[in-house]
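Once you know that position 9 of the sequence shown is 9 in full-length UniProt numbering, the rest is easy, because the numbers rise by one and skip nothing.
Hint data in this document are derived by calculation from the structure and do not stem from the laboratory.
In this text, all values refer to a predicted model and were calculated from it rather than measured experimentally.
Mixed in with the good hints, there may be bad ones.
[Claimed, not checked] Label pairs and their computed distance ranges (CB to CB):
#: 1; residue 1: Pro56; residue 2: Arg16; range: 17 to 23 Å
#: 2; residue 1: Cys9; residue 2: Glu29; range: 18 to 24 Å
#: 3; residue 1: Gly21; residue 2: Asn43; range: 27 to 33 Å
#: 4; residue 1: Gly21; residue 2: Thr44; range: 25 to 31 Å
Note that beta-carbon positions come from the ideal geometry of N, C-alpha and C, so glycine has one too.
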Amino acid sequence: MSSGDSKPCTLKHAQRAMRAGITREELVEAVAVAASCAGSAFNTVILKEQHALNSPL
Numbered sequence: 001m002s003s004g005d006s007k008p009c010t011l012k013h014a015q016r017a018m019r020a021g022i023t024r025e026e027l028v029e030a031v032a033v034a035a036s037c038a039g040s041a042f043n044t045v046i047l048k049e050q051h052a053l054n055s056p057l
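Generate coordinates for the entire structure from the input sequences, incorporating the hints supplied.
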C-alpha cells in the first residue's frame with residue numbers, strides 16, 4: 001500500500017479487474033486458489049483479502 005492509498009494492493013487490482021470485465025465470483029475463486037497455493041504466513045493476509053472481496057463494496 002502506498003502512502004496516500006487507503007486500499008490494500010489486492011483490492012485495488014481486484015477493482016481494476018472488475019472494471020475490465022472479470023466477475024466478482026471469478027475474483028473470489030482466484031483468491032481461494034492463491035490461498036491454497038500460498039505458504040501459511042501468507043494465508044491469513046490472502047484470506048482477509050478474500051473476505052473483503054466477499055463483502056459489499
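Holds or violated: the 17 to 23 Å window for the beta-carbon distance between Pro56 and Arg16? Given a distance of about 19 Å, which is inside 17 to 23 Å, the answer is holds.
Cβ separation of Cys9 and Glu29, checked against the hinted range 18 to 24 Å: 19 Å, holds
Given the hint of 27 to 33 Å, check if Gly21 and Asn43 actually sit that far apart at their C-beta atoms. 28 Å, holds
Consistency of beta-carbon spacing, Thr44 to Gly21, with hint 25 to 31 Å: 30 Å, holds
Of the numbered hints stated above, none is contradicted by the structure.
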